[in-house]
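2 protein chains.
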Amino acid sequence: MAASLADRHCVDCKPGTPQLPLDEVERLLQQVDGWAVEAVELDDRHQQLEKIFKFKGFMPAVDLVNRIAAIAEAEGHHPDLQVSYGSLTVQLWTHTAGGLTDNDFILAAKIDQVAGPLPLPSP
Amino acid sequence: MAASLADRHCVDCKPGTPQLPLDEVERLLQQVDGWAVEAVELDDRHQQLEKIFKFKGFMPAVDLVNRIAAIAEAEGHHPDLQVSYGSLTVQLWTHTAGGLTDNDFILAAKIDQVAGPLPLPSP
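Note that the protein sequences, when read in sequence, are chains A and B. Position one of the first sequence corresponds to residue 113 (my numbering), numbered consecutively onward. Position one of the second sequence corresponds to residue 113 (my numbering), numbered consecutively onward.
The set of hints was computed from the structure by calculation and includes no laboratory data. Hints are not guaranteed to be accurate.
Copies of one chain are not kept apart here, so a pair can be met inside one copy or by any two copies together.
Straight line, CA to CA, 20 Å or less: simulated DMTMM-like cross-link-like pairs of lysine to aspartate or glutamate [claimed, not checked]: (1) 166 x 135; (2) 166 x 192; (3) 166 x 119; (4) 163 x 192; (5) 163 x 187; (6) 126 x 224; (7) 126 x 175; (8) 168 x 187.
Full structure from sequences and hints, please.
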C-alpha cells in the first residue's frame, strides 16, 4: 500500500518541475480534508491549494501558524498564511513549478494532522 | 508634551466611532515608521494602514507574528497578518469605525517598537 500523503516528505523542486496533471490533482484532493483548488490571485494560469480554518479569537490562529511553521521548515516548503481575527487562511503552491505538485498535497496533509479535524458547522 | 503613540493604549471602539479626518491621518502617519495608507482591498471607502516587513527566510516573519500577537491581545485590537517566505505584511483598521482611528496608529507604533528599525535597502 502506498504511504499516506502525511507520511511522505517534500522533495526539492528544481526549476522546470512540471505541475501535476488535472486528474492527479483531483485524485490527491480526495486525500486531504477541506482544501480547495483556487487560482493564484488574479492569475488564471497558476493554481494553489487553499484552506480556511475558523476559530474563536486571534490566538488559536497564531498557534496554528506556529505549528505549520515547524512543518514548513522541516519540509523546506512554505505556505502563505493569512491571519485575521477568527481565521487562518493557508495557501500552498510550488513556485518553481508555477502551480501544484505532490509537495503541496504532502504539506496539506501534514497541516491537517497538526490542526486536527475541522470543527462541526454551527447548528 | 503629549504621550508618544507607542506609550498610549487602544480604547474600546463602539459602533459609530468616527474615522479620523484626513488631516489627522496625515499628521499621525508622520509619527510611525514606514506605514502607508491603503484602500481596504477593492473597497475605496475604507482605508487601512499597511506595512511590509522583509526578511531572509520564513521564521523571522513567524517570530514577528508572535510578537505582534502579544501586543494585539494586550490592546484588544488585532491586525491582519500575511506571512510569506521572506515577508510579513501587516494591515490595520478599525472595523467598528469602518476605517482608521487612533487605535490603528497606536498599534502601528507599538509594532514598530517590537520589530526594530527597518533594514537598510540593499546597495
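Hints and how they fare:
no. : hint      : in the structure
1   : 166 x 135 : neither (29 Å within a copy, 37 Å between copies)
2   : 166 x 192 : both (16 Å within a copy, 14 Å between copies)
3   : 166 x 119 : neither (25 Å within a copy, 33 Å between copies)
4   : 163 x 192 : both (11 Å within a copy, 17 Å between copies)
5   : 163 x 187 : within (19 Å within a copy, 29 Å between copies)
6   : 126 x 224 : neither (26 Å within a copy, 37 Å between copies)
7   : 126 x 175 : neither (32 Å within a copy, 28 Å between copies)
8   : 168 x 187 : between (29 Å within a copy, 17 Å between copies)
Of the hints listed earlier, those the structure fails to meet are numbers 1, 3, 6 and 7, in rising order.
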